[in-house]
Amino acid sequence: MEQTKKFDVVFNDSADSSCKGFNESYEYCLDYIKAYNGTSYSYFGDYKGGTVSIVESETREEVYSEPVK
73 MEQTKKFDVV FNDSADSSCK GFNESYEYCL DYIKAYNGTS YSYFGDYKGG
123 TVSIVESETR EEVYSEPVK
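Per our numbering, the sequence shown starts with residue 73, numbered consecutively.
Keep in mind the hints are simulated off the structure, nothing from the lab. Even for Gly, the Cβ is constructed at its ideal location relative to N, Cα and C. One thing to keep in mind: the hints can contain errors.
[Unchecked claim] Okay, the calculated beta carbon distance ranges per label pair:
1. T76 x D103: 15 to 25 Å
2. K141 x S89: 10 to 20 Å
3. T76 x D118: 16 to 26 Å
4. S137 x G93: 14 to 24 Å
5. E99 x T123: 17 to 27 Å
6. S137 x G117: 14 to 24 Å
7. G110 x T76: 25 to 35 Å
8. T76 x G121: 27 to 37 Å
9. Y113 x Y136: 24 to 34 Å
10. S89 x E130: 29 to 39 Å
11. K141 x T76: 25 to 35 Å
Make a model of the complete structure from these sequences and hints.
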């Protein structure tokens, strides 16, 4: 069942990678990205020009990605 899957938010650029350590719903992660991308909140300021992705918590499979603004 899809609803039981949990997701994390991961930031990447050419030099580094950081994850938030979330274990939340896909919608929670997407809302988090939409709310804070383009701001300096959390890792967004450090990864401008890189990407922010949603990954499945267990498999680490990337399911969504967008550039950090």
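Hint-by-hint comparison with the structure:
no. : hint                    : verdict
1   : T76 x D103: 15 to 25 Å  : holds (19 Å)
2   : K141 x S89: 10 to 20 Å  : holds (18 Å)
3   : T76 x D118: 16 to 26 Å  : violated (32 Å)
4   : S137 x G93: 14 to 24 Å  : holds (18 Å)
5   : E99 x T123: 17 to 27 Å  : holds (20 Å)
6   : S137 x G117: 14 to 24 Å : holds (19 Å)
7   : G110 x T76: 25 to 35 Å  : holds (31 Å)
8   : T76 x G121: 27 to 37 Å  : holds (35 Å)
9   : Y113 x Y136: 24 to 34 Å : violated (19 Å)
10  : S89 x E130: 29 to 39 Å  : violated (18 Å)
11  : K141 x T76: 25 to 35 Å  : holds (32 Å)
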